[in-house]
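Chain B: place on chain A using the hints.
Just so you know, the sequences run in chain order A and B.
Residues 1 to 304 in this note's numbering are what the first sequence lists, from first letter to last.
Residues 305 to 392 in this note's numbering are what the second sequence lists, from first letter to last.
Some clues are possibly wrong.
A short, non-exhaustive set of chain B residues, derived as facing chain A with CB atoms under 8 Å [as the list claims (entries may be wrong)]:
no.	residue
1	Arg322
2	Trp324
3	Gly326
4	Ser332
5	Thr335
6	Ile336
7	Leu349
8	Val352
9	Gly356
10	Asn381
11	Leu387
Subject to a maximum C-alpha distance of 30 Å in a straight line, what follows is the list of computed DSSO-like cross-link-like pairs (lysine-lysine) [what the hints assert, rightly or not]:
no.	chain 1	residue 1	chain 2	residue 2
12	A	Lys20	A	Lys75
13	A	Lys35	A	Lys257
14	A	Lys20	B	Lys327
15	A	Lys268	A	Lys20
16	B	Lys357	A	Lys149
17	A	Lys193	A	Lys35
18	A	Lys268	A	Lys257
19	A	Lys128	A	Lys193
20	B	Lys327	A	Lys35
If you are wondering where the hints come from, they were derived from the structure by calculation, not from laboratory data.
All residues carry an ideal CB built from backbone N, CA and C; glycine is no exception.
Listed here are the chains, written in short residue letters.
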Amino acid sequence: MGAQLRVYRRRMRSVKATKKITKAMELISASRIVKAQQRVAASTPYANELTRAVSAVATYSSADHPLTTPSANPKRAAILIISADRGMAGAYSNNAIKEGEQLASLLRERGLEISSYLVGRKAVSYYKFRNRPVAGSWTGFSDSPTYEKAKEVANAVIGAFLADAQTEAHGIDEIHIVYTEFKSMLTQSALAKRMLPLEVVESEVAAPTGLFPMYEFEPSAERVLNALLPRYIEARIFNAMLQSAASEHAARRRAMKSATDNADDLIKSLTRLANAARQAEITQEISEIVGGADALASASAGSE
Amino acid sequence: MSESPALLSVELVSPSQRVWSGKASMVSARTIEGDLGILPGHAPLFGVLVDGKVSITAEDGTATEFSIHGGFLSVSNDRVSILTESTD
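Isolated chain A, as found in the complex (with noise of 0.2 Å):
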């Protein structure tokens, strides 16, 4: 065998190889974005009766809770990025971090310091490389996220907005979370909310029913809003991080379809390389033993 034959032979091993890596990532991922899509599905009950509870209490408690109240001056803010742990997503990653830098850039605008607090190995990596300041960072659930790990990140960010910002060096005065929304199988988009001072108008939204009815809160309404925010927020962030993580399965399963694709492509031209060398061989092996024969004829056609 030829040498051109068989450095053609070899690279097509080593791709066929990729190949099934990148194929059974493909399937992994397209099943578990079913399961993750069932997680996001199976939360939703629970964040909608909560927002609705929230939305009752704000509306009949005059009471301003520190969650809701807006800063004089911010001092601070804090942006929350939900990244991927392992790679081959495609950009997802690098979506949410660049959305972050983005939102990062306007607040910056607006005179404000930025602390980070970061979720997943990817957006940990990238801040670590550049040398930048984290104020926290989760890892190793971005696949399928938990609520205890939600409450977790919750409870550092809510204890870090309940510090007095300008006293205490962590405190911040606004919260804002980037993660990928799940729109659909084809479509994730990375995008920034603001988490905190909330902003309660869903009142407006969820009163198509009319007036909630006059409650009475057990022990009061200011107590019950004092539990009830704070688990408000655990819940957007679980559902952010489920959403995310559905985002993630569907933009590795894109990636790792293409990548698949690619390698198709590719062995297919490397199998015709490696055909028209074989062929060239042979070619070249019968012109060889033709003039072979030929020489050796006329040597002894010469000397009789």
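Okay, now just chain B, sitting in the frame of chain A:
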């Protein structure tokens, strides 16, 4: 509601799933201020629950108990929703 006795429509939901949903004749739970039983026709109420048991007596009289970890209970127009962080 004159022919059949009024029932509560109950939803017990946690962040990961809808735990129980359907018609019930009674719900009892423990709020910060003490045990609470809800029957159809209860006044609108919003309560903070403590860790403990929630029991739902379904239409057919069978009672189901859930252990919950904190949560909220809201009652309005015979609609009871119980939100909890987790159930066992």
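Hint check: 8 Å Cβ-Cβ cutoff, B:Leu349 to chain A: holds (5 Å)
Restraint: B:Leu387 near chain A, CB-CB cut 8 Å. Satisfied or not? holds (5 Å)
**Asked** Between A:Lys193 and A:Lys35, does the CA-CA distance stay at or below 30 Å?
**Response** Since the Cα atoms of A:Lys193 and A:Lys35 sit roughly 25 Å apart, the hinted pair holds (cutoff 30 Å).
- Query: Within 30 Å, alpha carbon to alpha carbon, are A:Lys35 and A:Lys257?
  - Reply: holds (19 Å)
- [ ] For the pair supplied as a hint, A:Lys268 and A:Lys257, confirm whether the alpha-carbon distance does not exceed 30 Å.
- [x] Roughly 17 Å between the alpha carbons, so the hint for A:Lys268 and A:Lys257 holds.
Does B:Ile336 pass the interface check with chain A, least Cβ-Cβ distance below 8 Å? holds (5 Å)
Proposed proximity, B:Lys327 with A:Lys20 (alpha carbon, max 30 Å): Not satisfied, since the Cα-Cα distance of roughly 52 Å exceeds 30 Å.
### Task
Given the hint that A:Lys20 pairs with A:Lys75, test it: the Cα-Cα distance must not exceed 30 Å.
Violated, at roughly 52 Å.
Open item on the list: Take the shortest C-beta to C-beta distance between B:Gly356 and chain A; is it under 8 Å?
Closed with: Nearest chain A Cβ about 15 Å off; hint violated.
Is the straight-line distance between the alpha-carbon of B:Lys357 and that of A:Lys149 30 Å or less? holds (25 Å)
Practice item. Could you check if B:Val352 really has its C-beta closer than 8 Å to a C-beta on chain A? Key: holds (5 Å)
Requested in this report: Using Cβ atoms only, decide whether B:Arg322 comes closer than 8 Å to chain A, and label the hint accordingly.
Outcome: Status holds, d = 5 Å.
When the structure is compared with the earlier hints, violations turn up for hints 2, 3, 4, 9, 12, 14 and for no others.
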